[in-house]
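Novice: Here are the chains, one letter per residue:
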Amino acid sequence: MIQKIVSKNFNIENSHTLEVAKKNGAYQSIDRAFTLKPTDIEIEISKSGLRGKGGGGASAGAKWCLVSVTNEKSYLIVNADESEPGTFKDRQIMQYDPHLLIEGIILTCYAIHSHDAYIYVRGEYKFFADRLNEAIKEAYEDGILGQNVKDFGYRMDITVHRGAGAYICGEKSALVESLEGNRGHPRLKPHEPSPEYYFGKPALVNNVETIASVPFIINEGADAYKAFGTEKSPGTLLFGMSGHINNPGIYEMAFGESMQDFIDKIGGGIKNGKKLKAVIPGGASTPVLNAEEVKLAKLDYESMKEIGSALGTGGMIIMDEDTCMVGALKNLLSFYHHESCGQCTPCREGTAWVDGIIENILNNKGKEDDIDLLSDISKTMNGKTICVFAPAVSMVIDGFILRFRNEFETYIAKSKEAVDV
Amino acid sequence: MSEMVSINVDGNRIQADKGALLLPTLLKNGIMVPHFCYHDALGPDGNCRMCMVAIEGQKRPQIACDTLVKKDMVVSTKNESINDVKRKILELELLSHPVDCPICDQAGECSLQDYYMEFGLNEARRPKEEKKLKNKKLDIGKNIILDQERCVLCARCTRFTQEITHTNELAIIGRGNDARVSTVPGQEMQTPYAMNIIDLCPVGALTSKDFRFKQRVWFMHSSKGVCHGCAKGCNIYIDHNQEKYKSDTIFRYRPRINNRVNGHFICDEGRLSYKDENNERLSGFYQHNKLISEERAMTHLLHCLTTLHPLLIVSPSLSLEELTVIQVLSQRFNLEVHAFAQGYQDESFEDDWLRSKDRSSNLASVKKLDIKTSKDALIRALECTGLVINFNHRSFLNTKLQDQAILVNKKEIHFASHSFDNCKHKELLIPISSYSENEGTLINEDGVLQRYEAGLCNEKKSLLQILHELISTPATPKEVWDKHLNEVFGFGYEDIGPEGKQL
Chain A
1 MIQKIVSKNF NIENSHTLEV AKKNGAYQSI DRAFTLKPTD IEIEISKSGL RGKGGGGASA
61 GAKWCLVSVT NEKSYLIVNA DESEPGTFKD RQIMQYDPHL LIEGIILTCY AIHSHDAYIY
121 VRGEYKFFAD RLNEAIKEAY EDGILGQNVK DFGYRMDITV HRGAGAYICG EKSALVESLE
181 GNRGHPRLKP HEPSPEYYFG KPALVNNVET IASVPFIINE GADAYKAFGT EKSPGTLLFG
241 MSGHINNPGI YEMAFGESMQ DFIDKIGGGI KNGKKLKAVI PGGASTPVLN AEEVKLAKLD
301 YESMKEIGSA LGTGGMIIMD EDTCMVGALK NLLSFYHHES CGQCTPCREG TAWVDGIIEN
361 ILNNKGKEDD IDLLSDISKT MNGKTICVFA PAVSMVIDGF ILRFRNEFET YIAKSKEAVD
421 V
Chain B
1 MSEMVSINVD GNRIQADKGA LLLPTLLKNG IMVPHFCYHD ALGPDGNCRM CMVAIEGQKR
61 PQIACDTLVK KDMVVSTKNE SINDVKRKIL ELELLSHPVD CPICDQAGEC SLQDYYMEFG
121 LNEARRPKEE KKLKNKKLDI GKNIILDQER CVLCARCTRF TQEITHTNEL AIIGRGNDAR
181 VSTVPGQEMQ TPYAMNIIDL CPVGALTSKD FRFKQRVWFM HSSKGVCHGC AKGCNIYIDH
241 NQEKYKSDTI FRYRPRINNR VNGHFICDEG RLSYKDENNE RLSGFYQHNK LISEERAMTH
301 LLHCLTTLHP LLIVSPSLSL EELTVIQVLS QRFNLEVHAF AQGYQDESFE DDWLRSKDRS
361 SNLASVKKLD IKTSKDALIR ALECTGLVIN FNHRSFLNTK LQDQAILVNK KEIHFASHSF
421 DNCKHKELLI PISSYSENEG TLINEDGVLQ RYEAGLCNEK KSLLQILHEL ISTPATPKEV
481 WDKHLNEVFG FGYEDIGPEG KQL
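Residue numbers (my numbering), protein chains in the order written: chain A, 1 to 421; chain B, 1 to 503.
You may find that some hints are simply not true.
[Stated by the list, open to error] To be clear about the criterion: a stretch of chain B counts as covered by chain A if any three or more of its residues have a C-beta under 8 Å from a C-beta of chain A, and this derived list gives those stretches: (1) 46-54; (2) 61-69; (3) 120-131; (4) 167-176.
[To be verified] A short list of chain A residues far from chain B (calculated; beta carbon distances all over 12 Å): (5) ILE2; (6) PHE88; (7) HIS115; (8) PHE408.
Don't read these hints as lab results, they were simulated from the structure.
Virtual Cβ for every residue (Gly too), placed ideally from N, Cα, C.
Construct the entire structure; sequences and hints are all you get.
Specialist: Now the structure itself:
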């Protein structure tokens with residue numbers, strides 16, 4: 001099941017150093033890339049069907065095209081603000097193969113005619129930011145970065161920027177705002193398809209793993225990449241597992257594998273021989289699946305959508321039979337309550353309200369119509385805000401209520417008893 | 001040139017600019033769409049989510065403030081489902097609102113209150129004990145009181161300091177429902193335009209320390225005035241009320257939109273200049289500290305005019321019509337008119353926006369009428385006369401200003417709206433009504449001729465009225481225009497539109 005493309009060097013000792021990385025093939029694609037025209041690289045990426053790996057799964061080629069057609073000075077911004085609960089894949093790349101990311105950045109920048117790249121690393125990732133900076137320093141010293149990349153006459157500079165610890169800065173427009181020095185608020189969506197704008201100049205914002213997938217495609221060709229995965233979800237993804245599982249961790253697999261197999265064969269089954277109750281499939285913001293649905297689930301964007309959830313980042317949270325789903329939802333809603341940027345009314349007030357309601361239910365103060373109230377608030381939060389934060393919260397709530405309504409009802413019945421006594 | 005297209009709104013066809021924002025288009029056509037964050041002067045921000053409309057072909061409701069007008073688009077602003085959306089979002093706005101309308105100064109002009117009455121009317125679904133508490137009655141300087149609990153976080157005030165004044169004095173701090181408007185801790189607002197955020201605030205979060213608790217807004221009458229604080233001539237609403245047993249009193253000035261002059265805003269000093277207009281008003285005719293009858297005063301005035309050959313000094317803040325009539329008077333009795341006005345100049349007041357160093361409001365009219373303004377000419381003229389008639393020239397009345405010294409050893413007759421040092425001891429004192437009580441026109445420093453309307457009703461005669469009774473000059477600005485000014489300007493008093501006329 002395991003297919004190592006991005007993670008091929010993860011287990012090599014000192015893989016993060018330039019010396020070891022070079023021994024294992026780092027920066028070879030650069031030599032090839034600079035013999036090509038920038039558009040050739042863009043076409044190759046479009047042909048490969050590479051999809052953004054930050055959670056949304058949008059076509060990378062189409063996004064690149066929006067920037068390159070502007071013919072203006074442009075920027076590449078690498079989104080390393082990995083804050084989605086249950087997701088811990090980008091940090092692996094930064095920790096074990098930072099040179100792969102740098103290589104990807106050089107290729108991407110060449111394709112979109114950009115000479116400046118920023119890596120926006122979440123504030124808490126100090127270790128990883130330091131490691132990136134060490135790798136970048138090595139690359140500068142080796143002439144891979146700087147005024148004249150590998151003597152190809154191309155200037156390339158990379159700057160690492162650490163965020164201040166806001167989940168919302170993983171949203172690309174909020175990230176750009178934050179990088180500009182403003183408060184990390186998502187921007188109003190443009191009326192026509194358009195790139196992000198960094199200080200008024202077009203900018204490409206891509207996830208770490210997306211960029212790290214580029215060198216393989218340039219080295220081996222689009223067809224080699226498409227050989228993995230499904231037709232619509234080609235390639236591989238760094239899937240993650242955490243929670244009540246015997247072998248938690250990050251595993252690279254092609255799209256389209258069975259979720260149940262992944263849990264049983266690679267994850268080693270549920271901890272302490274317990275039964276599986278639920279899986280949050282791709283970071284906290286995707287609707288939860290129950291054990292029945294997990295059996296049917298295939299790990300690609302289309303299949304996951306079909307069964308009423310989303311692949312997201314592929315970071316799965318595994319929950320065993322003893323998990324309190326009301327408590328689990330409370331945990332998630334506390335997070336969203338804390339992380340809502342507070343810009344749009346439905347999200348600002350809605351996340352706080354639903355968090356309060358769940359807290360009441362947990363504290364035996366629930367009321368009979370609380371579940372309907374939750375659904376109603378969730379409906380108001382869905383599709384009425386600038387970014388997809390509130391719709392994600394809405395989907396999380398709906399997912400829990402749809403699949404585990406009885407647990408909420410049990411709590412509320414207990415509250416009623418408590419009042420009656 | 002923008003293209004006009006036809007769109008369908010709630011079954012009616014309206015004409016609109018293609019590519020314009022939908023919300024202002026709807027508002028301009030009198031279609032009420034609730035909104036907090038959108039403001040004509042600030043544009044859309046998209047945060048309040050109140051202006052939701054249904055657009056045919058779109059799966060979800062859209063915010064009108066960030067939707068562009070397209071040809072033949074079909075918009076629905078008030079079907080049941082869109083009303084439900086608005087009701088639910090309004091419910092969220094009100095979730096932690098203290099609902100303290102009875103003690104809130106904004107009551108009566110509060111968007112939150114209006115929208116709730118229009119389509120909210122919901123029961124509270126969250127116990128009041130769970131409301132999020134924030135800070136109240138924070139004095140953030142410049143006469144502004146901030147109540148964070150009433151705030152809907154529309155960011156109009158913060159955007160004003162960021163985008164309009166570029167002073168960045170306000171920001172929203174905190175995330176989620178902990179977000180709140182704040183100054184930099186320990187610092188106060190500094191900008192001389194700060195109080196505009198009180199008008200921008202659609203709710204009672206920002207109120208005026210000066211106006212708070214003085215008057216319920218629904219008791220007040222508004223008249224369309226022009227600020228007389230400097231030569232810019234910003235358009236204002238004069239909000240006034242005559243309480244029982246009291247004289248008609250101004251409670252506040254508010255900016256009135258005129259894109260040709262001041263846009264949406266006025267400066268704080270102009271806004272607070274209503275106090276000078278209210279205070280120290282004169283009543284009664286005085287001669288050498290003796291109260292005399294109007295008849296006797298008029299007789300004495302006429303006597304002086306005919307026999308003593310006085311010099312006339314006019315204030316550069318008089319209206320164009322008043323200046324015109326005084327000129328007629330001067331010609332009738334063959335007198336000289338002067339408007340030397342050094343005392344009205346204040347370099348420190350000037351900025352590059354709405355504040356002019358010329359603190360008189362109508363110097364352009366003085367020049368238009370060729371009234372002399374030089375100091376030398378005035379001093380020469382003074383040497384030939386023993387009597388000066390002053391028409392409300394402030395800096396000749398104020399002993400602190402240097403202009404006053406010029407009048408030493410002269411007899412003085414004053415037409416004055418407000419009292420000044422020793423005013424009752426002069427040869428003659430004639431009280432007149434002031435600009436908030438009269439109508440008239442002014443020409444501002446940029447050559448815009450503007451009309452202002454009479455607001456307050458206090459029983460004082462206007463300068464025009466007094467001169468009319470004395471020497472039968474026209475009694476109203478309209479008559480002054482018909483008789484003297486139509487020919488000069490080539491148009492009539494009524495042709496001056498609401499945005500004035502650029503000369």
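Novice: A cut-off of 12 Å on Cβ-Cβ distance, and HIS115/A was said to be off the interface with chain B. Does that hold?
Specialist: The claim stands: HIS115/A keeps its Cβ more than 12 Å from every Cβ of chain B (closest is about 31 Å).
Novice: Is the nearest Cβ of chain B still more than 12 Å from the Cβ of ILE2/A?
Specialist: 39 Å, holds
Novice: For the segment 167-176 of chain B, does the count of residues with a C-beta closer than 8 Å to a C-beta of chain A reach 3?
Specialist: holds (count 5)
Novice: PHE408/A: least C-beta distance to chain B exceeds 12 Å?
Specialist: With a cut-off of 12 Å, PHE408/A remains clear of chain B, as the shortest Cβ separation is near 17 Å.
Novice: Verify this for me: three or more residues of the segment 120-131 of chain B with a beta carbon less than 8 Å from a beta carbon of chain A.
Specialist: It holds, with 3 qualifying residues against the three required.
Novice: Test coverage of the segment 61-69 of chain B by chain A using CB-CB distances below 8 Å; three residues minimum.
Specialist: holds (count 3)
Novice: Closer than 8 Å Cβ to Cβ for three or more residues is the test here. Does the segment 46-54 of chain B pass it with chain A?
Specialist: holds (count 6)
Novice: Should the label of PHE88/A as a non-interface residue stand, given a Cβ cut-off of 12 Å to chain B?
Specialist: Fine: 23 Å to the nearest Cβ keeps PHE88/A off the interface.
In the structure shown, no violation is registered for any of the earlier numbered hints.
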